[in-house]
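Since the structure of chain A is already known, use the hints to place chain B with the ligands on it.
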Amino acid sequence: MATRTIQREKLPSLVPPPVAGIASLIIPGLGQVLARETRRGLLLFGSLVSITGLMVWRIYDLAHLEPGPLAMLRKAIARRPVFVVPMLIGIVALWLWNAWDAYRQAQPDVKGGAGIFVLVIVLFFTLGWQIGEIDLYKLGSELPDAWRPLSQVLWPWPAAVEREEEILSAGADILVPCDDNPPPPPEEVPGQPYLVATPTCGELSELGENNQIIPGTTLKLVGRGFAPNTETKIWWVDPLGNEFVVRQSGEYVVFQTDDTGSFEIELIMPYRLIPPSAAGPQIHRVEARQVVGTGPARPSEPLRISIARMIETIFLGMMATIFGIFFSIPISFLAAKNLMSGSWLTLAVYYFTRTILNIVRSIEPLIWAIIAVVVVGLGPFAGILALTIHSIAALGKLYSEAIESIDPGPIEAIQATGANRLQTIVYAVIPQMIPPFVSFSIYRWDINVRMSTVIGLVGGGGIGFVLIQYIKLLDYRAAGIAVWFIAITVAILDYVSAEIRQRFV
Amino acid sequence: MLEVKHLTKIYEDGTVALRDVSFTVEDGEFLVVIGLSGSGKSTLLRCINRLIEPTEGQIIWNGIDITAADPAQLREIRRQIGMIFQQFNLVKRSSVLTNVLAGRLGYVNPWASLLHRFPKEDIEMAMQALERVGIADQAHKRADELSGGQQQRVGIARALMQQPKMILADEPVASLDPVLAHSILGYLEQLNQEEGITVICSLHFLDLVQRYATKVIGLRDGRIVYRGTREDIRRMTDEEFKEIYGEEAVRVSVGPREGGA
Ligand SMILES: Nc1ncnc2c1ncn2[C@@H]1O[C@H](COP(=O)(O)OP(=O)(O)OP(=O)(O)O)[C@@H](O)[C@H]1O
Ligand SMILES: [Mg+2]
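Protein sequences appear in the order of chains A and B. Counting with my numbering, you get residues 1 to 505 for the letters of the first sequence. Counting with my numbering, you get residues 1001 to 1261 for the letters of the second sequence.
Simulated from the structure, these hints should not be mistaken for lab results. Where hints are given, some of them may not hold.
[Unchecked claim] Here are the computed lysine to aspartate or glutamate pairs in the DMTMM-like style, where the Cα-Cα straight-line distance is at most 25 Å:
#1 B/1120 <-> B/1137
#2 B/1092 <-> A/407
#3 B/1215 <-> B/1026
#4 A/337 <-> B/1026
#5 A/337 <-> B/1012
#6 B/1141 <-> A/499
One chain only, chain A, in its complex shape (with noise of 0.2 Å):
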């Protein structure tokens, strides 16, 4: 027989069921105790006033400012009634539940049961839910607002190619209000954009007595000759010379032009900025503007600088890798057990080393960022500090542990064979550390790259630094480009260093 099932005697409760069951109305879990369900009871008198706590405390934060505690819960079911009526239905029903769990515990013969526990757990759930502010319907609503510079951070890639850029415009006149004889259309010069309109008079909008609208003539304006397939704005110049991107219903007149570089649209004459003069008819002016890309492309500056800054965090993730490893190396032999237990002294040192390894290793890389940011200023190097930091205190650990863990018997076995002690170490000693040295190595390189990029969120240069401030900018394609480039990187690493450490180990 393999398998063996412990079963624990029940012992006779203390109590008739009935007590028990009132003991646990009166104190939740007393009549478990009472029925010798010791763990059991003081496991649902913890959860029952805890549960019931932390409603009191949620109840009143959110309804501190009323008098008296009966308005105070009058006020939150007004402010939460999907969370507080459900959790007081519950934690009467996890209340009677107890009672009735310690009238059977106190039968013979009756067992365990999880089901009030499950209800325990639902009642925390809830709880959590409310205190950590979960709100899914906030998380639905404001995902299609948030979608516009996610996906720009999603697929940044137009913004990483620049051109020289040209501005493409032609313009019609329109005399306000119309008179005799109003402007002609201009004259079509080929090669160049050209834009009708008509009538070429009309009316501009204004709002009436009422504040209603009147609108203006409605003009149909028919370009060619633009550059295709893009984005046109209509501008409006008034006779003062003010110009402003004309809106119909709120929007921005903005349109594609088609694969030949015409285009058709109506605009609404848009509402008067200056006063009507008594000067009579005045001549306006829509134009239609493009900007468009001339030249080569080249690499944007957002590219440029990513690219710059990608490498530099390589660098000084590089850089703190190997200081750490200068400096670790030493240390991890005074934090090696096995060789610092020949006198007290030298195992004072070991507690000692240890101890500040453990401290300086507890301190999260961007603590230490913060604290060198304050000391040498913004830039690289405080990251390549703090990294060092770090990294001397992991590796030091690291590489201690790999000394300690070095068998003695091929020691034993070289110096058996008269070699001498440097011949000892280069035959039985080196062979053994090189492999976890290599791969614990490898592997801080790679969190160093990682971790610099973090760091530059603090000040601690690199990559990190340029996104937070892109970010800042909401210049969000930017911010990608900077992403991608951490994410392409991190991935590549991630691949080398397990390459590297599956060829050594």
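This is chain B with the ligands only, laid out in the frame that chain A set:
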């Protein structure tokens, strides 16, 4: 001739591993040390080449006091004493050939050896040693790619490279199955008989002791409680064996049929 006189070893923690141990081994002898786990067998063998410093007593080998040797003399002595271990003690990540060549470290130019450079003759000698234990084809494998029996043969080849006058073998077959045990001890017996190399070997199984020993000493709690010749050991009864191994021990049979452990 090896003379061990009043050898005592007390470890730093106060454990007395050997108490006043005295015996002599003639050249060409196959001495087997028996005794329960913890009786001091490993300590005794390691005291002989001073991998462990004896606390008291003398060890005199062919007139030279090993216990009084300075570090340079000690290396000179050690290189003439091959050693074989229960756990083989190979450098696992180094090649088989490098492990075998390490047996020459006491002879070669130390500085050249730090760069892993060995004379041609030594490399040929290493291949011959591997040939002799039948694993020349494994020379360029990593040591930990070999099976246990093969690893122990590398251990023997390493000891052979020292051109030893004596071999210390600390339970050389305790991690191997019985068939392999006979094959490994067979090599030691061959070296002992054909080249007159003195062998001091600790063993656990009476059958192996009876088969290979020319002389036996039994240790218990660091004291010698039994001394026997080849004839004595052949006639040894289970009762005498128990005397050495204590009441809980039973005679373990190592034969092709039963196998033992
Ligand atoms: N480095 C050490 N420090 C302290 N005590 C030790 C040390 N090495 C061995 N001992 C003790 O010395 C005694 C003899 O040990 P030893 O290893 O020589 O026994 P052994 O006969 O080889 O046993 P086994 O058959 O298990 O290998 C044991 O009690 C052991 O615990
Ligand atoms: Mg031993």
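Item to check | Numbers of the earlier hints that this structure fails to satisfy, in rising order | outcome: 4
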